[in-house]
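Using the hints provided, position chain B relative to the given structure of chain A.
Line by line, the protein sequences are chains A and B. Numbers given in this note's numbering equal positions in the first sequence, counted from 1, plus 1. Numbers given in this note's numbering equal positions in the second sequence, counted from 1, plus 1116.
None of these hints come from the bench; they were simulated from the model. Check before you lean on any hint, since a few could be wrong.
Stated by the list, open to error - Okay, derived cross-link-like pairs now, DSS-like style, lysine-lysine, Cα gap no bigger than 30 Å in a straight line:
(1) A:Lys-128 <-> A:Lys-68
(2) B:Lys-1186 <-> A:Lys-5
(3) B:Lys-1129 <-> A:Lys-7
(4) B:Lys-1186 <-> B:Lys-1129
Claimed, not checked - Chain B is faced by these chain A residues, among others (derived, beta-carbon under 10 Å):
(5) Lys-79
(6) Arg-80
(7) Val-212
(8) Val-219
Claimed, not checked - Partial list, computed: chain B residues near chain A (C-beta under 10 Å):
(9) Pro-1187
(10) Phe-1201
(11) Gly-1257
(12) Leu-1297
Every residue gets a Cβ at the ideal spot worked out from N, C-alpha and C, and that includes glycine.
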Amino acid sequence: MPEKLKHIFAHALINLVRAGWGGLASIATIGVSFVIIGIFLLLILHFNALVAEWKEQFQVSVFLDDKITPTQLEILGKRIQNEAAVKAIAFTTKEEALVTFRRELRGQESLLEGLGDNPLPASFQLKIREGYQSPDALRRLSAFLSRLEGVEDVQYGQDWIERISNAARIMKLLGIMIGSVLTLGSAMIVSNTIRLAVYARAAEIEIMRLVGATKAYVRAPFVLEGMLQGSLGALLALGLLFAAYRFVAPTFNLVSPIFQAAGDRGFLESSMMAGLVGGGAVIGALGSVMAVGRFLRV
Amino acid sequence: MIQMFHVYKAFGKDLEALVDVNLHIHKGEFVFLAGSSGAGKSTLLRLIFRDELPTSGHILVNGRNIVRMKPRAVPHLRRTLGIVFQDFKLLRDRSVEENLALVARVVGMPTVEGQRRVAQLLKLVGLSHKAKTPPYKLSGGEQQRVAIARALMNDPLILLADEPTGNLDPELATDVTRLLLEVNARGTTVLVATHDLKLAQEAGRRTVFLKQGKIVEESH
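Next comes chain A alone, as it looks inside the complex:
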């Protein structure tokens, strides 16, 4: 058995070298396909990270009536805290709100000069539990809070989160669609390259079959060659993507402005990289089986 394996590996390598430009072209094509698939993967990852981050930071602001009494405030605070949806609650006084606002307006403080009295309301900031972040649940919570005594307004940025989530979903769908088309195309290109290799060795294959080689034995070196082409293509793509991600994108400030929250995220996780290389191998193997299968049936 080990000798057979040695033979299979040796032949796969020899064939890969013999395939020359054809082999390189098929590796490069798989590489390009995988770069595109990888870009989608990175985008989806970053979008998801962004959504998660925003969900984490997400809060509902309950703005309070200026005329609220300290007793009312205390009762209101307790009432809100007892809500199942509320994970944490923080209180911001009118003064604190103004300080924050001033900080946000740095450089343009003059705008505030004409205001006279502090117009900003005091507020509660609520962190919402995971299960209560759906638009419906938030709408219910918001309606309930609005009716409480001393509450003037309730605000939350749920529609933004929804939009980002939708964008991530569309991206995923698009990625899957484009990915499948590219995968199929890559398999066909490998299939073509391998078919040339099969034809080049037609005489040897015929003799092997006639002296009692099993189909698997004939097929194995070609399948391995396809797997090599596929995984090398995927590796090439990962290299290109990594270079682009680490060196090109930061230079042009491509990543950080859109994905500030996810900016410190690393490259693709190692399991994903392994998955891509494995995927390349599978595509290569499929292409080879298509090529050799047709030949062996004759």
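Just chain B now, with coordinates in the frame of chain A:
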């Protein structure tokens, strides 16, 4: 060893290659299959190594019905056979010994044993000194001997040879026949297809005559 019962083989509607062939070849026998070209000799041989299936009838090789055999089992059938092709089917880009070693590898023979066997067979066919030569640098007779040596690599129970002397001048043809008889003397059943009646007569072995796909005569 080889038994054929009412074997018919047609290619398409009009071309009947074999018609009601009944043939029994015993273990250790040496049989000539004689007939002009197109008589169905090659087809008959190809049925035996299951390169073709008969249109009807049954074929037993080593007691196994190869018509009903699953495709998966065909490689194992072929490993019990040695085949010498009319056109030799030697690989141009390999040396003589590499051509032989290919069989050893395919049947999973350990390398050392394979090498020993290659040396042994090249000695038998008198080509030890051409081991490293590529086949296209050999004469027709030498190539034929390489083809025979390769057919013997897996120590077959049956040797099938299709026109092994077809491309050779009479003297070399006699040499090759002598070699095949020698192989037979070592216990291998041999079936040789030839259009050279004189050769068959000279050898004085059982000869089956095929004409237009039918067995017309047998002689001993």
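How the hints compare with the structure:
1. A:Lys-128 <-> A:Lys-68: holds, 25 Å
2. B:Lys-1186 <-> A:Lys-5: Holds, at about 24 Å.
3. B:Lys-1129 <-> A:Lys-7: violated, 47 Å
4. B:Lys-1186 <-> B:Lys-1129: holds, 26 Å
5. Lys-79: Hint on Lys-79 (chain A): violated, closest Cβ of chain B at ~78 Å, above 10 Å.
6. Arg-80: violated, 77 Å
7. Val-212: holds, 5 Å
8. Val-219: holds, 9 Å
9. Pro-1187: Holds: closest Cβ of chain A sits about 8 Å from Pro-1187 (chain B), inside 10 Å.
10. Phe-1201: holds, 8 Å
11. Gly-1257: The hint is violated - Gly-1257 (chain B) has no Cβ within 10 Å of chain A, the shortest such distance being about 21 Å.
12. Leu-1297: Status violated, d = 23 Å.
Consistency with the previously given hints fails for numbers 3, 5, 6, 11, 12, ordered from lowest to highest.
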